[in-house]
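Engineer: Once you have looked at the hints, place chain A on chain H.
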Amino acid sequence: MSKERIKIAPELFDIMPPEYQDLVEKATYGNETRGWKDIGSAKELIEEHSLCAGCPESMAFRYILASLPNPEDTVMVGSTGCTSLVFPHVAVHNIHSLFGNQNAIASGLKRALSVRFPDRHKDVVVLAGDGATVDIGLDMTLQAWFRQEKFTTICFDNELYANTGGQESGLMQKGFVAKMAPVGKTFEKVRLPEIARESGCHYVVNCTVSKPNLVEKVIKNAIHIAREIGPTYLQLYTPCILEIGKNSMEGLQEMRDSEKPSERFAYKEYVSEPAKELLTEMAAKEKERKAEAKRQLASQTV
Amino acid sequence: MATQSVIGQKNNKGQAFTDPRHMMFEAPRTPSFFTGSEVIKEAVRRASCDMMVAYPITPQSEAAALCGELFAEGYIGDYFRGESEFAVMSQCAGAAFGGARVFTTTAGPGTMRAMENFPMWAGARLPIQMIVTCRGINSPLSIQPDTLEISYLMQTGMLVWHAETAQDFYDWILLGYMVSEEPDVHLPLALCCDGFFVTHTKDMVDLTPVDMCLPPYDPYRSPVPCMDMECPPVRMMRDPFVMKSNYISYATHASWQQEVWAAVERSRKHTIGWMNGLIDTENTDADIIVVASGTAVSQSREAIDILADEGISVGLVKVKTLRPWPGEEIKEATKNAKHIIVPEFNVTGWLGREVKATVPNNERVHSGPHVCGGMTMPPEIIASEIKTILGIKVETLSGRGS
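Protein sequences appear in the order of chains H and A. For the first sequence, our numbering assigns the number 2 to the initial residue and increments by one for each residue that follows. For the second sequence, our numbering assigns the number 3 to the initial residue and increments by one for each residue that follows.
The following block holds chain H by itself, in its conformation from the complex:
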């Protein structure tokens, strides 16, 4: 979908809701250099969310939506959980169907879009919580990777079931006392990033969302690699401040504490050989684009 397609007939413009008018006039569809820096100056693709005040998930949502390289042709797939409270406010088509089946939905969706639009890029991005990705949906998460389905899987890892009230999940740390883990979780946090690598993902990143520029970079890499090569996986720490006993303003510090070198969300990255080649090509093109822009700017100032 180009911006052309959402344009409002002039006679009807004034009766459309202001947020839709903004979407037509100020959203960053079609802007190849869009990124987190547009937040605050352009129309964001997310409306006011209904998450808790200070929830890191809401920050992550904003950074991700600002960084999608091709939102005008991106369809997102969600799952049941806190994220599904946000998706109705997101200005790209998105699908909620069941709990845990998100990578199966995305497999069918991506293939259907490839059959229907063989000459165009239609990006598919899955965004689900850790219960959906690692527990109830693990089978479908892994099988999509085995099959080399060409879409990006993003896991918002808050290390528990947040929306149902803080129950133990597979990505919870060992020993954490939670609902359904009344004497503390008895087994280690599932090592999904390593499993993702072994399952055929071409780009795997484990990090927090404390740094918007980092989120932008990994989102763009993951989506481009998924489009051209094969499955990619991002595991992003978005702590549930409510369930770990923190206050609204403490989410950012919690992420900073958890990304220290010895901590479980220290930045980790895996890039397959074909993905490395693609990233090198992309970097060269970006360099050329910047150089060209500089040349043009110089010629104008002369």
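Be aware that a few hints might be false.
Stated by the list, open to error - Simulated restraints, written as ranges between beta carbons of each label pair:
| id | chain 1 | residue 1 | chain 2 | residue 2 | range |
| --- | --- | --- | --- | --- | --- |
| 1 | H | Asp140 | A | Gly16 | 36 to 44 Å |
| 2 | H | Asn248 | A | Pro185 | 47 to 55 Å |
| 3 | H | Glu282 | A | Pro33 | 52 to 60 Å |
| 4 | A | Ile250 | H | Glu264 | 15 to 23 Å |
| 5 | A | Tyr252 | H | Glu282 | 47 to 55 Å |
| 6 | H | Asp140 | A | Asn248 | 33 to 41 Å |
| 7 | A | Pro185 | H | Leu298 | 46 to 54 Å |
| 8 | A | Ser251 | H | Asp15 | 37 to 45 Å |
| 9 | A | Gln157 | H | Glu20 | 53 to 61 Å |
| 10 | H | Asp140 | A | Thr350 | 40 to 48 Å |
Unchecked claim - The following residues of chain A were derived to be distant from chain H, with all beta-carbon distances above 12 Å:
| id | residue |
| --- | --- |
| 11 | Asp52 |
| 12 | Glu85 |
| 13 | Trp123 |
| 14 | Asp230 |
Since the hints were derived computationally from the structure, they do not count as laboratory data. Idealized CB from N, CA, C, for every residue including glycine.
Structural biologist: Same frame as chain H, now just chain A:
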């Protein structure tokens, strides 16, 4: 969006997109001797499917694999094996959300494993077609024919049809898309048959010309937006998902469920047009009428012949669609009957219950005989049941244990 008709254009296999009325009712038919599984393949070959997802489970595995051959030949846009029926039905949903015409097959425990998907398909208005080759679902393990799973599908909001023969199957696969893709219907269809009896036996089936196929699915005729980022407004979540605890959200959910079931009812007029009614009837002036669906209809016909030879006149109602439920039609067809017999291939007698809930004076309804777990239903059992009801002494049938 294309506004010109595609009728007459050819697909990449040289098949002409044909007006379905011409293709189904006027074009010459070729008699062919095929198994039910092969018939499924031949119907799908002419159905312009964009996507099929497959998974092995007896007795649908052969049909699912044969459709894979169609993909290899270029008749289906994409095809792959999923990892379980739950995943397969979600993969089908994803494809349908993305605007594809989708086909899949399953059976028995597979249907049960996938069950969470079916109300979601109906609520999301995805016109997926699923062939169900019914088999036993309960422990101890049985792979044999048994129609219990249909009773679960009947509460999902899907259209549910029950084919008797391979010919029904062939025609209904093609007509099924015409009904379920109507904008005022736009619901998934579970096209059921009795496993093995239909899938694994050979029968004469009249096929439509191989160089004709259905017009392609147009996802922009859907009553809800296609999730392909081609259609504004963009701030759109496809399912009516309102996870809030307030009256408006309850009302939204309630009205949407009512709308899904209203859409099931709206499919009547299309189904009647394409399939000449929701039921077929024979000799409904008789005092005794058998109401049946699936291969129980064939067995009932044999029983009716046996009884005719003895001077007992019995009529027949063949129920073709279970959802929508042909209540008025059955009421009318059985209005003069003193006895209504409902033979079934399952232990609970779900069809008998539906008929009892439909007709006045329902003490007339005799639910049975019931066979299950893969037992066959010899026509003699049906004849014997009817004679017992009439007070005619019958010899004990061997193996009945009575």
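Engineer: All hints are to be evaluated individually against the structure, with a verdict given for each.
Structural biologist: Now for the hints, and whether the structure bears them out:
For the hinted restraint 36 to 44 Å between Asp140 of chain H and Gly16 of chain A, the CB-CB distance of approximately 40 Å keeps it satisfied. For Asn248 of chain H paired with Pro185 of chain A, a C-beta distance near 51 Å keeps the hint of 47 to 55 Å intact. At about 59 Å, the beta-carbon gap between Glu282 of chain H and Pro33 of chain A stays in the expected band of 52 to 60 Å. The given range of 15 to 23 Å is broken by Ile250 of chain A and Glu264 of chain H, whose C-beta atoms sit roughly 44 Å from each other.
Range check, Tyr252 of chain A to Glu282 of chain H: about 53 Å between beta-carbon atoms, so the 47 to 55 Å window is met. For Asp140 of chain H and Asn248 of chain A, the Cβ-Cβ distance of about 35 Å falls inside the hinted range of 33 to 41 Å, so the restraint holds. As the Cβ distance of Pro185 of chain A to Leu298 of chain H is approximately 53 Å, the hint placing it in 46 to 54 Å holds. Here the CB-CB span from Ser251 of chain A to Asp15 of chain H is close to 30 Å, at odds with the stated 37 to 45 Å.
Our hint of 53 to 61 Å for Gln157 of chain A and Glu20 of chain H is violated, since their Cβ atoms are close to 39 Å apart. Take Asp140 of chain H and Thr350 of chain A: their Cβ atoms lie about 31 Å apart, and the range 40 to 48 Å is violated. With a closest Cβ-Cβ approach of about 5 Å to chain H, Asp52 of chain A is found to fall inside the 12 Å limit, against its non-interface label. Look at Glu85 of chain A: its CB is around 4 Å from the nearest CB on chain H, not clear of 12 Å, so calling it non-interface is violated.
With a closest Cβ-Cβ approach of about 9 Å to chain H, Trp123 of chain A is found to fall inside the 12 Å limit, against its non-interface label. Look at Asp230 of chain A: its CB is around 6 Å from the nearest CB on chain H, not clear of 12 Å, so calling it non-interface is violated.
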